[in-house]
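Chains B, C, D, E and F: place on chain A using the hints.
Residues per chain are reported as follows:
6 protein chains.
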Amino acid sequence: MSTVKLVEYDEAGAEVKAVYDDIRRVRKTDFINNFWKALANHPDLLERVWSTGKEVMAPGEIDAVTKEMIYIAVSVANACEYCVHSHTASAFAKGMSDGQYGELLAVIALAQQNNGLASGMQVPVDQVFLKEESQEQGE
Amino acid sequence: MSTVKLVEYDEAGAEVKAVYDDIRRVRKTDFINNFWKALANHPDLLERVWSTGKEVMAPGEIDAVTKEMIYIAVSVANACEYCVHSHTASAFAKGMSDGQYGELLAVIALAQQNNGLASGMQVPVDQVFLKEESQEQGE
Amino acid sequence: MSTVKLVEYDEAGAEVKAVYDDIRRVRKTDFINNFWKALANHPDLLERVWSTGKEVMAPGEIDAVTKEMIYIAVSVANACEYCVHSHTASAFAKGMSDGQYGELLAVIALAQQNNGLASGMQVPVDQVFLKEESQEQGE
Amino acid sequence: MSTVKLVEYDEAGAEVKAVYDDIRRVRKTDFINNFWKALANHPDLLERVWSTGKEVMAPGEIDAVTKEMIYIAVSVANACEYCVHSHTASAFAKGMSDGQYGELLAVIALAQQNNGLASGMQVPVDQVFLKEESQEQGE
Amino acid sequence: MSTVKLVEYDEAGAEVKAVYDDIRRVRKTDFINNFWKALANHPDLLERVWSTGKEVMAPGEIDAVTKEMIYIAVSVANACEYCVHSHTASAFAKGMSDGQYGELLAVIALAQQNNGLASGMQVPVDQVFLKEESQEQGE
Amino acid sequence: MSTVKLVEYDEAGAEVKAVYDDIRRVRKTDFINNFWKALANHPDLLERVWSTGKEVMAPGEIDAVTKEMIYIAVSVANACEYCVHSHTASAFAKGMSDGQYGELLAVIALAQQNNGLASGMQVPVDQVFLKEESQEQGE
Chain A
-3 MSTVKLVEYD EAGAEVKAVY DDIRRVRKTD FINNFWKALA NHPDLLERVW STGKEVMAPG
57 EIDAVTKEMI YIAVSVANAC EYCVHSHTAS AFAKGMSDGQ YGELLAVIAL AQQNNGLASG
117 MQVPVDQVFL KEESQEQGE
Chain B
-3 MSTVKLVEYD EAGAEVKAVY DDIRRVRKTD FINNFWKALA NHPDLLERVW STGKEVMAPG
57 EIDAVTKEMI YIAVSVANAC EYCVHSHTAS AFAKGMSDGQ YGELLAVIAL AQQNNGLASG
117 MQVPVDQVFL KEESQEQGE
Chain C
-3 MSTVKLVEYD EAGAEVKAVY DDIRRVRKTD FINNFWKALA NHPDLLERVW STGKEVMAPG
57 EIDAVTKEMI YIAVSVANAC EYCVHSHTAS AFAKGMSDGQ YGELLAVIAL AQQNNGLASG
117 MQVPVDQVFL KEESQEQGE
Chain D
-3 MSTVKLVEYD EAGAEVKAVY DDIRRVRKTD FINNFWKALA NHPDLLERVW STGKEVMAPG
57 EIDAVTKEMI YIAVSVANAC EYCVHSHTAS AFAKGMSDGQ YGELLAVIAL AQQNNGLASG
117 MQVPVDQVFL KEESQEQGE
Chain E
-3 MSTVKLVEYD EAGAEVKAVY DDIRRVRKTD FINNFWKALA NHPDLLERVW STGKEVMAPG
57 EIDAVTKEMI YIAVSVANAC EYCVHSHTAS AFAKGMSDGQ YGELLAVIAL AQQNNGLASG
117 MQVPVDQVFL KEESQEQGE
Chain F
-3 MSTVKLVEYD EAGAEVKAVY DDIRRVRKTD FINNFWKALA NHPDLLERVW STGKEVMAPG
57 EIDAVTKEMI YIAVSVANAC EYCVHSHTAS AFAKGMSDGQ YGELLAVIAL AQQNNGLASG
117 MQVPVDQVFL KEESQEQGE
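Chains as they are written, first to last, in my numbering: chain A, -3 to 135; chain B, -3 to 135; chain C, -3 to 135; chain D, -3 to 135; chain E, -3 to 135; chain F, -3 to 135.
Zero decoy hints are in this set.
Same chains, same label: a pair holds when it works inside one copy or across any pair of copies.
Straight-line C-alpha distance at most 25 Å; calculated SDA-like pairs for lysine to any residue: (1) K90 / V61; (2) K1 / N30; (3) K90 / L126; (4) K1 / E77; (5) K50 / E11.
Everything labelled a hint here was simulated from the structure, so no lab data went into it.
The structure presented is a predicted model; accordingly, all values stated were derived computationally and were not measured.
Here chain A stands alone, though its shape is the one from the complex:
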């Protein structure tokens, strides 16, 4: 149960309805998930979060499934139950295979493990990584 009322389409004001309509148009479904219904209590926030998300998650130099996997990785590390569920569903809906999902979990698990080891031993960053990165940038 959320800290706020979930706003249904019929009880929403014009600004919220416009966002809901755009969500339905972009996603080609009538379904509005709870994240947006909760945000709808604050129409400005709803509008900004939706428009940013629409732009960021669209395929670009990184494809849509990969973007979902990156999103899941962050959400797992932050222990965000809602986000893990909604974006795992999204990733499968956009074509993530079972094999890719297994590899995603394995990479997340490896990074979590090694984050603990590097942080535990406070390993100093190698100079060469810093230099290589600068060279990448043409310095």
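For chains B, C, D, E and F alone, coordinates are given in the frame of chain A:
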């Protein structure tokens, strides 16, 4: 400065030398970065972490650059300075473009933002996500 | 379901009853929430946590509603479900408006986003921030 | 040292220069801090992050100093070194007193402690918190 | 409800059955908990995670109960509900006393609090800690 | 560099000097580490944090070295650089062996890995863990 001595090749025992040799062989470079030199204080741990990492980060159904981007995403959420630097260098070395890097940062930023909103409002998971996931699994 | 039994008033020992009585006195309600009933399994811990909280959350140079909002911000970043729910209820009870709540969520979301960006790019701290802070302290 | 080149005004393109100019105008100072210089490698991201931040951090129903304190709270929980430094400097610059800073630290410390206890014992959320919140929303 | 189907013994393939058999043999019980049933969707991952865990959690220079307490501490800081529950049950099953559990919670709470304070004030590491650590290593 | 001035003994007020004297007495050394010098800007906070820490970290049903290891585990998961360094130094000073340190790192790494997997797959808590815990408590 790390909590442990960094073990150089010449002062390492046989078990550590064998791992260092394999790192050099797989990566086609003489360079051993500090993460392994720190782990080398605990040879069993070094061996297990290296062999797991080698297996998990190899290209499979997910390609090598994408795996690095997922790894970076976890490391950013966990605020692991060493891991962010070393795997950003790795991702560029394996072919991540500047455009992909910008999109990676944008997806991480979006997920961080939305993790905060979903957790802040304690949004309940939609039943349809749970059902869809089960259907994905053939139930 | 918690890892410990929730201790009700009637089954509590004298030390726990004294804390429960003080909670009721300070909060002007008979209601004892689950956090204290769980802590009551360890009376010393209960006593210390309650007395510290009573002191820290009392209005001072920062008012009581603002303190609740700061508390919520930390709890969201740490993904503490119980803490988010209990302190959001507290903040509303102490007078947080719907408008303030929307702005609180927006600031949390912005900080989460920018934490990801600053950590992702490992942005070095500007010297002027460090200098300005010292000047604040009269050095 | 960051993973990207810091973009100075003189070497920036028109889109970045426009954001830098707006930062200078809004903040009434020529100084551009490193966060923006790092983001400038990705002009779209720079523009969006700046315009969102400008809107969110402006005084509203919550005043500017309180917004900075909420921002700091999130950044501390996420261990974001850059963000803690830059927003602590901002908060002092906008008028946070030494006394308020001490109370801010005390509330953050209390929330961190209690997040650990509630998560450690997996305390179930009280029904009354959920009900009270709904009543707040007029249900 | 998990993002994956939980794999029961009777529907498992040979590789998964072999791991389940080993879990039963090592733990001297027929019970297989959900963590393994979820991992069984990815047999290679299941095998590696189980064999690593079996090795790491076995008593060594640190006894089995202490290892469970360290595991709980990490899981609390990461807000992993499943891990907190399963390893608190494990720790009690392996002999953790109620008194030890209370002290474990108190140390976790203290560390959480002080992590917030040290991160909040960005306290610089004392040179002597760095030197002492090196001396520990015989330099 | 910290966000606050580090308060040296000679410039401290009576309340701070009393805490510094107690730290020296309890630890049998003249050395005061930076954490306390930073906290000394807020004498009430300094006094409470020191007295709580002194009580919690003293040997009880859990010995002093184990308490340090639990503290390190939390600090690693929270990526608190200062805390990892200061408590790793403490643990070695109180007698942690190199072998114990290696096992501590291995358990932290395992927990980090499995936290990621359990959170990634959102594994539901087994009923038996909940029941066993209640039975532990004599219900």
